[in-house]
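> Residue strings, one per chain:
2 protein chains.
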Amino acid sequence: MKKSKRNIYLKKKPLTEAMSILFEKFDFDSYIGDEEINSTEALGRVLASTIFAASSSPNYHSAAMDGIAVSAVDTYGASESSPKRLKIGSEAVFINTGNPLPDDKDAVIMIEDVHEPGDETVEIIMGAIPFQHVRSMGEDIVATEFLLPKGHIIRPFDIGALLGVGLTKVNVRKRPKIFFIPTGDEIVEPGSGPLTFGKVYESNSAVIGALALEDGVETKRHPVVNDVFENIKSAVADNIDDYDIVIVIAGSSAGTKDFTRSVFDELGEVLVHGINIMPGKPTILGNVKGKLVVGLPGYPVSAIMTYFNVIRPLIAKMLGTGEPPYERVTATVLRDIPSRAGNDEFLQVMISNVEGNIIASPLPRGAGNITTMVKADGVVKIDSLSEGLMKGDEVKPILLRRKDEIERGILAVGSHDICLDLLSADLSLFYPGHSLASVNVGSLGGIIALKNGECHLTGAHLLDPETGQYNTWAVKKYIEEPVTIVTLVHRTQGLIVPKGNPDGISTISDLVKDGVTFANRQRGSGTRILLDYHLAKLEIDPTEIDGYDREEFTHMNVAVRVLGGRASCGLGIAAASAALDLDFIPVDEERYDLIIPQKFRDDERICALIDVINSEKFKNKIGALPGYNTKETGVEFSVE
Amino acid sequence: MKKSKRNIYLKKKPLTEAMSILFEKFDFDSYIGDEEINSTEALGRVLASTIFAASSSPNYHSAAMDGIAVSAVDTYGASESSPKRLKIGSEAVFINTGNPLPDDKDAVIMIEDVHEPGDETVEIIMGAIPFQHVRSMGEDIVATEFLLPKGHIIRPFDIGALLGVGLTKVNVRKRPKIFFIPTGDEIVEPGSGPLTFGKVYESNSAVIGALALEDGVETKRHPVVNDVFENIKSAVADNIDDYDIVIVIAGSSAGTKDFTRSVFDELGEVLVHGINIMPGKPTILGNVKGKLVVGLPGYPVSAIMTYFNVIRPLIAKMLGTGEPPYERVTATVLRDIPSRAGNDEFLQVMISNVEGNIIASPLPRGAGNITTMVKADGVVKIDSLSEGLMKGDEVKPILLRRKDEIERGILAVGSHDICLDLLSADLSLFYPGHSLASVNVGSLGGIIALKNGECHLTGAHLLDPETGQYNTWAVKKYIEEPVTIVTLVHRTQGLIVPKGNPDGISTISDLVKDGVTFANRQRGSGTRILLDYHLAKLEIDPTEIDGYDREEFTHMNVAVRVLGGRASCGLGIAAASAALDLDFIPVDEERYDLIIPQKFRDDERICALIDVINSEKFKNKIGALPGYNTKETGVEFSVE
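Read top to bottom, the protein sequences are chains A and B.
Each residue of the first sequence is one higher than the last, beginning at 1 in the numbering used here.
Each residue of the second sequence is one higher than the last, beginning at 641 in the numbering used here.
Take the hints with a grain of salt, since some may be wrong.
For lysine-lysine, the following DSSO-like pairs were computed, each having C-alpha atoms within a straight-line distance of at most 27 Å [what the hints assert, rightly or not]:
| hint | chain 1 | residue 1 | chain 2 | residue 2 |
| --- | --- | --- | --- | --- |
| 1 | B | K957 | B | K814 |
| 2 | B | K1257 | A | K174 |
| 3 | B | K1261 | A | K317 |
| 4 | B | K727 | B | K817 |
| 5 | A | K150 | A | K281 |
| 6 | A | K621 | B | K957 |
| 7 | A | K291 | A | K177 |
| 8 | B | K931 | B | K665 |
| 9 | B | K790 | A | K619 |
| 10 | A | K617 | B | K790 |
| 11 | B | K957 | A | K617 |
| 12 | B | K1239 | A | K396 |
| 13 | A | K150 | A | K177 |
| 14 | A | K220 | B | K809 |
To be clear, the hints were calculated from the coordinates, so they are not data collected in a lab.
Could you put the whole structure together from the sequences, leaning on the hints where they help?
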């Protein structure tokens, strides 16, 4: 590889400048045309012209009830003491709801109020007032009245209204057409068989395609193209005429195999290479034969952020639907979140309602982490001029989840356990719309968060080395308000080692053996306290342990380090070891509790959670996991 | 028609009881099955089982940046003053983002930090720390971790996460299948040609079908069936095996041509006939061959309310998605709204944000009025035990429109003019997402509403009989705060008469002529004040005018009464007359203004509105209407 082969970024541009360049180059208002379609098939389509009523609705006077049509004047004077008889046919005409009112009639008497002593007459015992039980012509809408504006996205009711005013056809914007070309040697078609080492399934075209579909776009995709300049070039050239936007996925950066830029350069022109958004920076925008071409970053979160910030607004412009319809909330940030100035950063957050305070908790960064988008409730923008958010700042994240679901979410901050995952799954299952999100900061970190009103509950397994008791001591020490402690599970902690235990590790004492590297947990975590407790008992100096300084934040990450050969052993729970098919040497059993402020105990969400914990289904599920014991699961006691 | 042929309602049942009967009869949890589909095609589908990660993501350590893979220990000590050289191939391996990290390397140095003095070595001036710029295996998610719960509706991101953890197939609920059978002699297929007298287009299957589609249902429809028992019966019998729910539209009441009930009776059993919801009361629920059959009321709003209250919850139950996802706001009712006890009434409302107060204003009732659903921002439930809402009551309407759109809505209460419609259309066009809703209560009613903080602005044309001035006098008399008055248009008021003026009406004096009936406007309306002004000048006693007592609330309704032959003349604006192709005798020119509290003048919504009023496009549009003059349109002055 020669340095000269690497692309050189065009000057990275602010997002607004990049958009201005596009708006100068393309006339998005007339980028796609209109078409006439059946009103019955117009759901989700965008009106191409303002709609006025073509006819009145109803377009005749009609009966609003089943009964008889009468002339009100013929009925005057009727009463219970002196009923009146009307001749059927001339003075009284049987009529069903929706039938046109005869020209010489102006009121309807409900069938329930009609007596029928004879075949030729009916009896009434109450007069009718003019227009009683009559739907007047134009009651709903009068011809020529305004119904819906151009640019409106047609909803189910709108279809009814269009038909109601006589419009069986409607003029709508065509659907923009996007063509995706996924590229990359490491990319494999989903469905083409199991993954081999170093390969990943192509997913960006499905994710961005689904977002585009929701935005009213038609999409199609090319099979995965390898990192070969000519192949990518012909995929673009062969399809540019048939689509409104062609998107090349991945290869938009400056690596040796990033060909998107040179393809656009050769077929047309590159307008922008690099935007000051993060994730999403390596985005290319170009023009090939008058069509917009996009080089989309390959990292899934980057691709999504580029879609949100660049492509979605352009689609809205093409369709004439105005600003994308992001719902937002106002939330408070509970700790400093530094961010590099110079880029608009888009940070995924969890959003929780803790006692009416709407809290945004940042999720781990990482443009490659699509599951973070799954966990996220919203996305916060940190402006390029700022160096981050400060504790207490108000932010206005866009929402990725329905607000009512966010409102029903429980936020747990504290120690991680696999049972929390299962609890979260069962909560959502038994109480649809409910959810439990966890932030893993260790037991002690969780207790501090609880004290500061930053979460609903804390998972903790804090051993008191002096008494051998769990958690109560920490609650008494740090938390002033009354809490309830619910035992989630007893679990076995032990040493996680590679399959076959190649280093022959059998006790904590082996951690100082030559060649043994250890995967440690972070300070404040219950597992770390447990380790330090055992080290002190054995009088082992922690600095003698290779790897003691590098901290992992979950049991799973410890196990992953062992599996990946980065450590020869770690302390953690049996379930994490079993999940990755590693070996396990038991060390101790500990109690893992949920600590819940008393004030939340009757909250509908907490009641649902505790209901799940006490269910046989849930107990059986966690009881079946290796290293778990449910002997006290659901046991609850108060600490004042 | 014989009385005996009429159906007799089963006892009307409370909604909850009706639902209980269904839940006893059908096992909705297992009503539809599951199927395996490609993850890439799973948008909007419902997970049939809880998803745990099948593999870790990423499932190998990989480069997070373009650069060189190194062993951190080989780089220690490098600095600007003493750079270090690494051998390409053994100590430094060129690597692109996403590539697997070689087994013996544990860090990546960005290409920007790599110097290349030779072909065989590279130079670095800074040491690397272990795992720098490395995406560790499992960074996103570790195998066996919980990803998504059963019952979750798959979003675009979820598709990426499924593929990311190696799941190219996913087990989802089948989509429920609904079959619609629209019935009615007066019902015509949309697209079968123009409507003849007394006919309406079939629209319920399209509206309810679109709602169901949004809820994840597959729908199909039968062509319109006439009111013939055998035809409806065979339409049900022929299709019941192929669908999960069969819905017969219309004919669910007790009219002579209402056959739904007897069809269900003959093919299976009727479980419920009549529910205490309004609109929606004449709903039939039955069981034919173990399938749910529904008799849906024919009025469009009734059909929608039955869908909302009965069918949508059942679909959610079948799919396992929990409560339907209605968004709600808390709003205040500004006047008493009586409602008949015994039914849960569902009332359509407009929702406005006036100075932070969320206000719900009722729209006119009428189960046949589909355009009311188009205008509505939300639906309020008035409980069957209550006799209505009281002024000041808090309600929690479900929303039919996006909250951000509701927030951007302007509420005008006052006099009606066709230009308000056009203004509303152009506002939505030039400022997508913005809207202007009007409540027509006449000029004086509007001024009182403005005084009470119930709206953003008032349209008024209030003549001061003494000075000949418009509106300023009324503002000074009733409103204490400073306002700005923006002239919308000058317009001609006159007598609206049938085409050809059969009664030979030429002046206001003719209103007392024998045989002339008049369509009057309501007290407090500018038009009524204008009429009374002329009557006083001419010394005519209003009681001599036939029809003076019956009040209409808009110009259009006056014109409709004349068109429908219910009145031989009315006072109104030329545009209303022209819209319905009636004749018009000019009486007077008047000024129609918008009265806006000064405190709202800089509100972004009002600025947008005034911007539209001053646009040439809008002025040209209203200037082209008969009887309108834009000589002072947009002129603005303050009244302190």
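> Are the hints correct? Go through all of them and say.
Here is how each hint holds up against the structure:
no.	hint	result
1	B:K957 <-> B:K814	holds, 13 Å
2	B:K1257 <-> A:K174	holds, 25 Å
3	B:K1261 <-> A:K317	holds, 24 Å
4	B:K727 <-> B:K817	violated, 66 Å
5	A:K150 <-> A:K281	violated, 35 Å
6	A:K621 <-> B:K957	holds, 24 Å
7	A:K291 <-> A:K177	holds, 11 Å
8	B:K931 <-> B:K665	holds, 10 Å
9	B:K790 <-> A:K619	holds, 18 Å
10	A:K617 <-> B:K790	holds, 15 Å
11	B:K957 <-> A:K617	holds, 20 Å
12	B:K1239 <-> A:K396	holds, 26 Å
13	A:K150 <-> A:K177	holds, 21 Å
14	A:K220 <-> B:K809	holds, 20 Å
Violation of the numbered hints given earlier is confined to hints 4 and 5; the remaining hints are satisfied by the structure.
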